[in-house]
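Engineer: Produce the entire structure from the sequences given, and follow the hints as far as they go.
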Amino acid sequence: MISSAGKRITAHFLDSMILGVISFMLLFLFLIPLGIVSLLNIKELILEMTFLYSMFIAVVMIGIQIHFWSKSTSIGKKILGMIIVDKKTGNPIGLGRMLIREIIGKYISGFFLSLGFIWILFDDEKQGWHDKIVSTVVIDK
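Letter 139 of the sequence shown, counting from 1, is numbered 138 in numbering that gives the first Met the number 0, and no numbers are missing.
Please keep in mind that the hints were generated in silico from the structure rather than gathered at the bench. A portion of the hints provided could be inaccurate.
[Claimed, not checked] Here are the in silico distance ranges between beta carbons for each label pair:
id : residue 1 : residue 2 : range
1  : Asn90     : Val20     : 42 to 50 angstroms
2  : Ile41     : Asp139    : 48 to 56 angstroms
3  : Ser3      : Ile41     : 48 to 56 angstroms
4  : Thr88     : Met48     : 45 to 53 angstroms
5  : Met0      : Ile31     : 27 to 35 angstroms
6  : Ile45     : Ile21     : 17 to 25 angstroms
7  : Ile41     : Ile8      : 22 to 30 angstroms
8  : Phe110    : Glu43     : 18 to 26 angstroms
9  : Leu51     : Phe12     : 45 to 53 angstroms
10 : Lys86     : Glu43     : 51 to 59 angstroms
11 : Ser134    : Glu43     : 46 to 54 angstroms
12 : Phe121    : Met48     : 14 to 22 angstroms
13 : Met24     : Ile103    : 25 to 33 angstroms
[As the list claims (entries may be wrong)] Quick list of in silico lysine-lysine cross-link-like pairs, PhoX-like style, CA-CA up to 20 angstroms:
id : residue 1 : residue 2
14 : Lys70     : Lys86
15 : Lys87     : Lys125
16 : Lys42     : Lys125
17 : Lys86     : Lys140
18 : Lys125    : Lys86
19 : Lys87     : Lys140
20 : Lys6      : Lys86
21 : Lys70     : Lys6
22 : Lys87     : Lys70
23 : Lys131    : Lys86
Cβ coordinates follow ideal geometry from the N, Cα and C atoms, glycine included.
Structural biologist: This is how it looks when you write it as structure tokens:
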């Protein structure tokens with residue numbers, strides 16, 4: 000059964016909230032040593048720590064996303080029992096197609112005033128442009 004637009008929106012908000020909480024927790028852990036270093040007034044070390052922290056956060060976030068994308072889902076979709084499958088076969092798609100869907104497809108969907116996402120509300124198969132690009136649908140397990 001194809002997932003409703005409302006369920007997909009809820010999954011997106013769950014994704015954003017969970018990743019936001021993880022980022023905030025990591026930021027909090029970073030601010031403690033940064034506060035100590037700033038008391039010592041070592042500007043170069045502060046810049047280096049900020050850069051390293053930014054790279055660390057990026058790697059963690061990308062790692063989490065790739066883990067779920069390799070399973071044809073996202074954190075929010077997993078919680079709500081949804082999976083992304085090939086439109087014709089109904090089989091989960093591979094990581095390569097997920098990367099195209101999530102990076103290129105969602106960029107295109109959002110670039111034109113987010114019409115590619117709004118499209119889900121009016122499409123019979125609840126496909127956004129990012130789904131149409133790689134021929135996928137989001138279904139309930």
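Engineer: Hints first: check each against the structure and report whether it holds.
Structural biologist: Now the hints, each set against the structure:
1. Asn90 <-> Val20: 42 to 50 angstroms: violated (32 angstroms)
2. Ile41 <-> Asp139: 48 to 56 angstroms: holds (54 angstroms)
3. Ser3 <-> Ile41: 48 to 56 angstroms: Between Ser3 and Ile41, where Cβ atoms are some 53 angstroms apart, the hint holds.
4. Thr88 <-> Met48: 45 to 53 angstroms: With Cβ atoms ~48 angstroms apart, the hint holds.
5. Met0 <-> Ile31: 27 to 35 angstroms: violated (47 angstroms)
6. Ile45 <-> Ile21: 17 to 25 angstroms: holds (23 angstroms)
7. Ile41 <-> Ile8: 22 to 30 angstroms: Since Ile41 and Ile8 have Cβ atoms about 46 angstroms apart, the given range 22 to 30 angstroms is violated.
8. Phe110 <-> Glu43: 18 to 26 angstroms: violated (39 angstroms)
9. Leu51 <-> Phe12: 45 to 53 angstroms: Since Leu51 and Phe12 have Cβ atoms about 30 angstroms apart, the given range 45 to 53 angstroms is violated.
10. Lys86 <-> Glu43: 51 to 59 angstroms: At 53 angstroms between Cβs, range holds.
11. Ser134 <-> Glu43: 46 to 54 angstroms: holds (51 angstroms)
12. Phe121 <-> Met48: 14 to 22 angstroms: violated (48 angstroms)
13. Met24 <-> Ile103: 25 to 33 angstroms: holds (30 angstroms)
14. Lys70 <-> Lys86: holds (16 angstroms)
15. Lys87 <-> Lys125: At roughly 15 angstroms apart (the allowed maximum being 20 angstroms), Lys125 and Lys87 satisfy the hint.
16. Lys42 <-> Lys125: Violated, at about 51 angstroms.
17. Lys86 <-> Lys140: holds (15 angstroms)
18. Lys125 <-> Lys86: holds (11 angstroms)
19. Lys87 <-> Lys140: holds (16 angstroms)
20. Lys6 <-> Lys86: Cα-Cα ~18 angstroms, so holds.
21. Lys70 <-> Lys6: holds (19 angstroms)
22. Lys87 <-> Lys70: holds (18 angstroms)
23. Lys131 <-> Lys86: Holds, at roughly 9 angstroms.
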